[in-house]
Structures are given as C-alpha cells and as structure tokens.
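J.: Chains as they are written, first to last, in my numbering: chain A, 1 to 490; chain B, 1 to 120; chain C, 1 to 467.
Just so you know, the hints here were simulated from the structure itself, not pulled from any lab data. One or more of the hints may lead you astray.
Heads up, simulated DSS-like pairs for lysine-lysine below, C-alpha to C-alpha not over 25 Å straight-line [as the list claims (entries may be wrong)]:
#: 1; chain 1: B; residue 1: LYS114; chain 2: C; residue 2: LYS375
#: 2; chain 1: B; residue 1: LYS40; chain 2: C; residue 2: LYS70
#: 3; chain 1: C; residue 1: LYS74; chain 2: C; residue 2: LYS54
#: 4; chain 1: C; residue 1: LYS54; chain 2: C; residue 2: LYS70
#: 5; chain 1: C; residue 1: LYS74; chain 2: B; residue 2: LYS40
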Amino acid sequence: MNIALALSPLLVVALGALLLMLAEAFSPRQGGLALGAATVLFVGAAVAGGVWMYGIERLPEAASLAPWLLLDRFGLFFDMLLCLGGGLAALLAGGYLVEHGIERGEFYVLILFATLGAMILASSGDAVTLFLGLETMSLGAYAMTAFRRASPRAAEGALKYFLLGSFAAAILIYGFALLYGATGHTDLAGIGATAATARTPLLVVGAVLVIVGVAFKVSAVPFHAWTPDAYEGAPTPATTFMAVAVKAGAFALLLRVLLIALGDASWTSWAAGWPPVVATLAVLTMTVANLIAGRQESVKRMLAYSSIAHAGYALVGVTALMRDPTQAGASVLFYLLSYTVSTAGAFGALILCGSHGREAVSYEDLSGLGRRHPAAALAFSLFLLSLAGIPPTAGFFGKWFVFKAAIDGGLYWLAILGFVNSVIGAYYYLRVMVYMYMREPAAGAPVALPMRSGYVTAALLVSALFVLALGLVPTRAIEVAVRAATLGAG
Amino acid sequence: MQSPWLSVLSFLVVSTLVGLGMIGAGRVLRVRARHDSPLKVRPYECGEEPTGPAWMQFHPRYYLVALVFVLFDVEAVFLLPWGVVQRELGPAGVGAALVFVAVLMLGWLYAVRKEALKWQ
Amino acid sequence: MTATLLLATIVKILIMVMFVLNLAAILTWADRRQSSMIQDRVGPNRAVIKIFGKELRLAGLLHPLADGLKFFTKEDFMPPNADRLLFTLAPIMAMGMVFTLVATIPFGDTICLHQFRLFPDFWHVHTGPHGELLDGVERWGTCAADSRNGYAPLELVVAPLGVGILYVFAMSGQGIIGAAIAGWSSDNKFSLMGALRAASQMVSYEVTLGMSLVGAMMIYGTVRLDDMVRWQQEHAWGIFVQPLAFFLFFAAAVAENKRIPFDLPEAESELVSGYFTEYAGMKFGMFYFAEYAEVVTGSMLLVTIFLGGWALPFFHRDGLLVQFGDTTLLRVAIPHVFVTLLGVLAFFGKVIVVCWIQVFVRWSLPRFRYDQLMKLGWRLLLPASLANILVTGVVWLAVDKAGSAASDGLRIAADVTQAVVAMAMTYLIGRGVVGMFGTVTHERNIIGTSAGIAARRGGTKTEPMQA
Numbered sequence: 001m002n003i004a005l006a007l008s009p010l011l012v013v014a015l016g017a018l019l020l021m022l023a024e025a026f027s028p029r030q031g032g033l034a035l036g037a038a039t040v041l042f043v044g045a046a047v048a049g050g051v052w053m054y055g056i057e058r059l060p061e062a063a064s065l066a067p068w069l070l071l072d073r074f075g076l077f078f079d080m081l082l083c084l085g086g087g088l089a090a091l092l093a094g095g096y097l098v099e100h101g102i103e104r105g106e107f108y109v110l111i112l113f114a115t116l117g118a119m120i121l122a123s124s125g126d127a128v129t130l131f132l133g134l135e136t137m138s139l140g141a142y143a144m145t146a147f148r149r150a151s152p153r154a155a156e157g158a159l160k161y162f163l164l165g166s167f168a169a170a171i172l173i174y175g176f177a178l179l180y181g182a183t184g185h186t187d188l189a190g191i192g193a194t195a196a197t198a199r200t201p202l203l204v205v206g207a208v209l210v211i212v213g214v215a216f217k218v219s220a221v222p223f224h225a226w227t228p229d230a231y232e233g234a235p236t237p238a239t240t241f242m243a244v245a246v247k248a249g250a251f252a253l254l255l256r257v258l259l260i261a262l263g264d265a266s267w268t269s270w271a272a273g274w275p276p277v278v279a280t281l282a283v284l285t286m287t288v289a290n291l292i293a294g295r296q297e298s299v300k301r302m303l304a305y306s307s308i309a310h311a312g313y314a315l316v317g318v319t320a321l322m323r324d325p326t327q328a329g330a331s332v333l334f335y336l337l338s339y340t341v342s343t344a345g346a347f348g349a350l351i352l353c354g355s356h357g358r359e360a361v362s363y364e365d366l367s368g369l370g371r372r373h374p375a376a377a378l379a380f381s382l383f384l385l386s387l388a389g390i391p392p393t394a395g396f397f398g399k400w401f402v403f404k405a406a407i408d409g410g411l412y413w414l415a416i417l418g419f420v421n422s423v424i425g426a427y428y429y430l431r432v433m434v435y436m437y438m439r440e441p442a443a444g445a446p447v448a449l450p451m452r453s454g455y456v457t458a459a460l461l462v463s464a465l466f467v468l469a470l471g472l473v474p475t476r477a478i479e480v481a482v483r484a485a486t487l488g489a490g
Numbered sequence: 001m002q003s004p005w006l007s008v009l010s011f012l013v014v015s016t017l018v019g020l021g022m023i024g025a026g027r028v029l030r031v032r033a034r035h036d037s038p039l040k041v042r043p044y045e046c047g048e049e050p051t052g053p054a055w056m057q058f059h060p061r062y063y064l065v066a067l068v069f070v071l072f073d074v075e076a077v078f079l080l081p082w083g084v085v086q087r088e089l090g091p092a093g094v095g096a097a098l099v100f101v102a103v104l105m106l107g108w109l110y111a112v113r114k115e116a117l118k119w120q
Numbered sequence: 001m002t003a004t005l006l007l008a009t010i011v012k013i014l015i016m017v018m019f020v021l022n023l024a025a026i027l028t029w030a031d032r033r034q035s036s037m038i039q040d041r042v043g044p045n046r047a048v049i050k051i052f053g054k055e056l057r058l059a060g061l062l063h064p065l066a067d068g069l070k071f072f073t074k075e076d077f078m079p080p081n082a083d084r085l086l087f088t089l090a091p092i093m094a095m096g097m098v099f100t101l102v103a104t105i106p107f108g109d110t111i112c113l114h115q116f117r118l119f120p121d122f123w124h125v126h127t128g129p130h131g132e133l134l135d136g137v138e139r140w141g142t143c144a145a146d147s148r149n150g151y152a153p154l155e156l157v158v159a160p161l162g163v164g165i166l167y168v169f170a171m172s173g174q175g176i177i178g179a180a181i182a183g184w185s186s187d188n189k190f191s192l193m194g195a196l197r198a199a200s201q202m203v204s205y206e207v208t209l210g211m212s213l214v215g216a217m218m219i220y221g222t223v224r225l226d227d228m229v230r231w232q233q234e235h236a237w238g239i240f241v242q243p244l245a246f247f248l249f250f251a252a253a254v255a256e257n258k259r260i261p262f263d264l265p266e267a268e269s270e271l272v273s274g275y276f277t278e279y280a281g282m283k284f285g286m287f288y289f290a291e292y293a294e295v296v297t298g299s300m301l302l303v304t305i306f307l308g309g310w311a312l313p314f315f316h317r318d319g320l321l322v323q324f325g326d327t328t329l330l331r332v333a334i335p336h337v338f339v340t341l342l343g344v345l346a347f348f349g350k351v352i353v354v355c356w357i358q359v360f361v362r363w364s365l366p367r368f369r370y371d372q373l374m375k376l377g378w379r380l381l382l383p384a385s386l387a388n389i390l391v392t393g394v395v396w397l398a399v400d401k402a403g404s405a406a407s408d409g410l411r412i413a414a415d416v417t418q419a420v421v422a423m424a425m426t427y428l429i430g431r432g433v434v435g436m437f438g439t440v441t442h443e444r445n446i447i448g449t450s451a452g453i454a455a456r457r458g459g460t461k462t463e464p465m466q467a
C-alpha cells in the first residue's frame, strides 16, 4: 500500500481525469466541470503536500519504481507546482469558456490529462516514461489550443504548435536514441554513469539533440517560433496552462536531464560541457523575447513573449547549475513557482477584463480600466509588477535568487544581462498599467467590458495570495525549493 | 537457409515478380484501343458529368475511426506479449492487464457515448 | 545438405504459391457454382472447348481459364489524371501481401531427414523398447541429433519465424494500404469513397482480429504458428478451448477480406466497384484474384490457429495413439514421414473446407449497412474479444490454483474433443463418399427449392403483396 501512497498525487489526478471524462460523457448537460477539475487538481496538490510532509523517505517501496518513476521531493515539488498551475487554469476556464460560449467538458479533462502527463514527466527517470509523459502533456495542450474550432487563428496556432511540437518530440527522442546507442542505457542515471567516463561524438550529438528538444518545449529562442501564434490562438485558459504547466514540466525535464544524465563534472564545465549552450540560449531568449515583446500591440501576445523571456531568466538559473546544483536548482524551482502564480494571475486578469463578444486583447481595450473596474485593474497591476520583478511581489525574489545563483557561480555577465533585460521588460509591463490608469478610451471606440465570474475571481485571489506571500515571506518557500533540489541532484 | 527471414525475402521477391509478371503479360497481350474517345477517359460517375476533382475533402469521422484504431491497436501490441507469458505472471499479471484494459475500456465507453464510432 | 535444404525451400515456396494460386482460381469457379446452386439456376456453362467435335463444358471449370485469358487481353486502361505509379503499385501490393503472408503458415510437421543418407529412411519405424519414444523423432517437432544417428529437421513451413503470428498481423495490415492507394490514385469519387470505407472497415476489424488471437495465444503460450498446431495436436483443437475467439476471428477475417456480408467497400449498388472502379484488364484481375487469395490465406490462418492445422485426432508424430486420460485403447506405430504427409493432406483438406464455408457464407447472408458494420465491429466484437481475454486469464488462474484433479479432468476432456472431431470427420467423409455413389436425379425443368417447399406445404398462397 505504501507504493500507492507514494504514487498518490499521480493516482489522484489520473483517477480524477478518468472520472471527469466519464462524467462529461454521461452527464446530460454540457459543461459544469470546472469545479470538479479544479478540485481534483487542488486535491492533487494537497496530497503531494501531504506526502511531502509525511516524508517520501519513509516510503522505501517508492524506490522500486525507479528508474521509471523517481518519486522524490523534486517530483513532489513539481507535482504541487503543476497541480497548482493546472488548477488555476481550470478555474479560469470555468469562467472563460462559459462567457465565450465554447463551454465543453473535454477542456477540463484535457487539462487533467495534460497535467498528469506533466507530472509523469517531472517524475520520470527514464527516456521511455519521460517520452510518455511528454506526449501525454503535449497532446492535451495541442487539443486545448485548437479548442475554438470556429476560429482560424486557433487552427493556425494549433497546427503550428502540433507540427513543431511533434518535431521537437522527435528530435528529443532521437537524441535519447543516440544516447542509448552511445551508453546502452535508457535511464537517466545509467546514461549519466556512462556519460561521465566515455565521451564519444555520438554522446555529444545525442545530448545536443536532447537539449534542443527540451528548448522547443520551454520555448527558448531560437526555438520559440510557435509560441506567440499558439498562445494567441488558444483560448486564454489554455494559454495559461501552456505558459504555466507545460513550461514547468519541460523545465523539470531539463533539470533532470542536466542534473542526472549530464551532471558529471566533465559535462558541467564551461570549457567542454553544456553550460555555454544553455547560457547562450538564456541570453538569446531573454534579449530577443524582451525586445519583441515591447513592440506588440496585443496584450496577449505581449504576455506570450513575456513567458518566453521568463524562460530565459529561468535558464540563467539553469546555467548556474554548473557550480552549485542545489542552490541554483532551488533558485530555478522558486523562480518557476513565482512565475507560475504571476503568469496565471496575469492571464486571469486579462480574462476578467473581457466579456462575451469581445475579449480584451489590445492595449486600447484596457484603457480606462482603472476607473471602469478598479478591482480588475488592481489585480492586473499586481501580477504585472510581479512579472516585472518589483519588490514586494514573488517575481522580485524569483529573479533575485536566480541572479544570485548566477553571481555565486561566477557568471557575473549573465546576471548583468539578466538584470538589463528585466529593466527592458519592466517597460512593457508598466505600459499596460499606463493604459489602465492614465489613458481614457477613444470616444466611440468599442471597449471590452469586464466579466463577472466566481471562478476567475477565485483563481485571481489564490494567485494574488501566493504572489504576496512569496514576495513578503519567501524563506519558507525557498527552504522547500532547496530540499526539492537537493534530492533532485542525488 | 540460415535465417528464416531469407525465406521471407525470397517470398517477397517471388510475390512481387508474380505481380509484375501479371502486369507485364497484360501489357504485352493487351488490345490497343483504336480510337480514344473523350468519354472513355472521363472518370466514371454513372454517366453523369463529373463534377470537380476526385481528391476532395471527406468526412472527419474516418479520422476518428483511425484514431480509435490506433488506440486499440497499441493496446493489442501490449497485450500480445502479455498473452504469451500470462501463465507465468500469475494473478498479478492478470490484475495488471485488467487495470490496463479497464482504463482503455473507459476510453472506449467515452468514444461510444460521444458517438465517435457511430455512422449517422 | 545445404543444397538439399535450399531445394526444399524452393519446393516449399512452390507448394504454397501453387496451392494459393490454384485454389484461388478454383474458388472463383466454386463461388459461381455455389451461388447458382443457392439461387436455383444453372450456373457457369458458357465456356466450351471442342475436341474432336465433342463439346466439353467440365461443369464450368473452364470459366476461370477464360477469365484469366480475358484479363490478359483486355485493354490496360488508366485514367488520364490518375497517379500512374500508385495506380500500378496498388494491385501489386494487394496481391503481394497475400502471398507474403503464407510464408509463415506451416502446412506440415517437421520431417527428420537422415543426415548421412541421400534418401531418407522412410520405412524404418523408430520404436523404442516399449514402443513409446521413437529414436530420432520427438513429439514436439524436434529431431534428436546424436552424433551417430544425426537427423536434420526439415520444417514444412517456408519461413519458420520466431515472431510467427506477429508477422501475419504485420502483413495483413498491408492489405489496407493496397486498397487505400488504389482508391486514392484512381481519380474517381467512387474509388475514393470505396478506399475510405475499405480503410476504415479494415482497421476496425483488425483490432478484433488481433485481440481475438490474444486469447488463443494465452492458451498455447507461444506466438509460433507451428507450436500452436503442436499444442492442438497434443491437447485439443483451438475451436474447443477458444470458441468465442474462433467466431470473432472468423467474422473479422471475413470482414478483412471485404466479402459479403462485409463488402461495403465495393458494394455494387452503392459504389460501382468501390476502390477498383477504374481498374481494367490484368490490374483488375489482380484485385479480383487477391480477394480469392485472401479467402485462402484467411482459411489457412483459421485452420492453423483454431482447427488444428495439420493435426488429425489421435495422430501423433510417432503414430496413432487413442488414449483417454491414462487409458490407452489403441497404439499403432507409424513412420513419422507418413504421419506428416497425412497431416499435409489434412491441412490442405481443412483449408478447402473452410474456403467452401466462406463461399457459402457469402451467398447466404445479406449485406450490412455501413453503420451496422461499424456498430458490430466496435460495439460488439471488440468488447467481446477483450472479455474473452480476461475470462481466459481468470480461468487459467483458476485451473492453475485447482491443482492436479482439474488438469486431469481437462486432459480427459481434451481427449474427448479429439474423439468428437474424429467421429465428425469420419461421418462427413463417409457421407461424402456415399453421396458420390448415390444416384443423381436430373430434372428437365428445374423447380426452385422454394417452390418445392411451398408445393410440399400445400401450394403457394395468392395474397396481394404488401406495398
């Protein structure tokens, strides 16, 4: 029974997804599953928390699933994170889909399955389960992107996402095939053990392909081309899910691969390992995404580029893994947590600003919001400040820990570049606030009316709570992240 | 015959040759038409004037069937090796297969309820 | 020795190809004869050869020959907008798949050739001291190989593949591609619709085809087709241990052949000829032929997996042994070469019988509607095949738990099924022989069977037909 306890976060979400699927198929009325989905995911997060408290070390049977599933604190941390992100997305969907007339129960089922996939991905220690989780996650996300069937933008975005995502998955699995060919192992630990000693060209090519595949999934520049279109075409809750859970799952994969399979000293050296590659990705991602984001006229697209830029900041922390895996890993985990709640909140606020018939997409739509709907404007401002990294919010400490890890690792230039980029980023976040508080809508122009929805409000409250809590007292969370990262390294 | 796959290959060659030979013989022995009338080369649509190209869009339900097929064919792929060693695995093996099949049957139930397998 | 085996392989390929080719040709004749019998008409009677002024009709047996000649000499028409490569490739794929599939089907047990003699020692009966185990020949298809008296196995299967049935699945899956590209490349809407229907029908029933065999594989514990037959030889035929799987497999195999009642892809009244509407001449002939060849290969599979393959009841490799449990009634030692040859005959005989049953089914049943077809495949056959698998698993567990008493009982039950089969076969063969010698009454005016039945019941009623 202990094995079931160790697996319980996964089991809760899996069973919940199946039940919800059946409920969707057999219930006479359409929809109304948002509550169920959110409940399942929050229960999943709570269960993961419970297992964390109980102590995964007290469940020795959990090791019997290794290397297929590594049930450690790293996995549990991501279980909580992903369930939180997925749950917020489900809550947002509960408001958004009904308001825009595309309410169908499959959306929630897809969220649950995709979250399950991401959780498997975060816990997997073998190329096979890893790919299984990746595909479960991605397929759900593809379908959610195309959820607005009547919209050509959705179809375009979904098709791009699907094609590029499939290529990325193919590249990833091809990389693992080469790693398998070079080492004779499909499990990350086995690859790591062999990769430490025998470094062959095959191994290097395999490692590069794996990193490229993951870079697609975290949408790092230059592999980000699908992101803006997919994010813009998808219904906003699906965008939230992709920005939050899919990205977190991909980062979990990246951390596992870099820490376990390529975590050896020879691979983590600046001269001959992956750090320069990841650092290049980080710099490109931050800079390019920030520069393009500033030029967007659509807030949704701006947030899409912002999510790319945030992947860049997180990659700064990933680069720092080369010196101190625990501290840098913890900084990435904390960054992902703060990014999750901030982004989910920002998208949620965007959802709240539009109502049936017209979504708030452009800056103009938001002008004068501060007067028309002060609460929505306030919430939006809070999350934008957090994304920009202004002090009393979660985003500030997220960036702080990541840059600190880079400085501790001797990567001063990377930290400075990250800081410069944060300043650039602040421009377009603050621009939204300028429109909300200092501009009035042009006379006669159609304005988006804010919607009313208990679900969206609840999601915003939860996100705001996390953003403030993490911004005011980050110590507890960073301790948790350190514990998670410690075990992840081992 | 060292490897049975060599026999398979020779069989493949034989069957391809039989096919090519039949077509070749047909080509040698065929009657050539003296006149090619425009009516003869027209796609056959029961005597009606053909409308539009034949490469047209068709109903997506064919894709649905193909998708469900992939689902259950993969299930079969997993069940085939299980079936061979099922007796050695004992009750645990049967239980695992039961769960596996049950999860997929939930998917089947969903597809049936959603009328993905129904032809209107 | 290698030369001998090479020769043997060529002979085996020839046997299989010739059997499939000829039986398929004869089946076209049998199909017509059967239909004419069922429909109360004369049937094929046009083809005639005149020899010395005498007209030979041979009960219509000349018709397949005439058909073949016609296929060769017809114009090889290709629609101007067709995809030329795929259009030519499709019939080759459709037919090549059928032939390649028979490579793994064993048509007889392993023959043990004496390694040091050119001609095998056919006549010697390898009896042990008590007449039980025979030198050089073992029950489970292997040959004893000691240094003095080495025997080389000659397996009566073209390709004894370890993957066995999986290869069969792989090959039968290719049939979809032939039909699909034929319809796609034809530049005709009927063809396209036919191809779509063919593809979706075949994938729908392919699942059942695979699943129904999982149950059989659980019983036999192997994927090798020859080992499956050996299991049936030693225990009981597959139809007794897996009755449901037998029917599922039969239905799915007929559906894969796209014959009535599953001939939706080529339904004449709806789609002209379905995916080969635009085909003419030999290419059409190849599709036509592939259909009958598929009937033969489907029957071969059915016989191998469920009807004991080459096995005859009570015949073992070392002779005839009539035994119920531990009670031996009769024991006759027979050279294994003879048993094997008898088995080869039995295999081909069974295949012919199953082919005939398929022909009979074709002319007895009406066609499904497409929605009924899908409903049957997905909502009835698929769950039934899964249930079959699970029930089989549970029963096996129960048998393993129940201990020796249960297995002894099963042992006797298996022997009883062998006896049942033996009696049924004897009866049918006897009936056939008697029927051949019975008098045939020729009637000048053929009265329809239905009219005859009506006459016996007191004449037809003249009621106005329902509108």
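J.: If a hint holds in the structure, say so; if it doesn't, say that too.
T.: Against the structure, the hints come out as follows:
1. Of the supplied pair hints, the one linking LYS114 of chain B and LYS375 of chain C holds, its CA atoms being roughly 14 Å apart against a limit of 25 Å.
2. For the suggested pair LYS40 of chain B and LYS70 of chain C, the alpha carbons sit about 19 Å apart, so the restraint of at most 25 Å is met.
3. Straight-line distance between C-alpha atoms of LYS74 of chain C and LYS54 of chain C comes to about 29 Å, which puts the hinted pair past the 25 Å bound.
4. A hinted pair counts as satisfied when its Cα atoms are at most 25 Å apart, and LYS54 of chain C with LYS70 of chain C qualifies at roughly 24 Å.
5. A distance of roughly 14 Å separates the Cα atoms of LYS74 of chain C and LYS40 of chain B; the hinted pair therefore holds under the 25 Å criterion.
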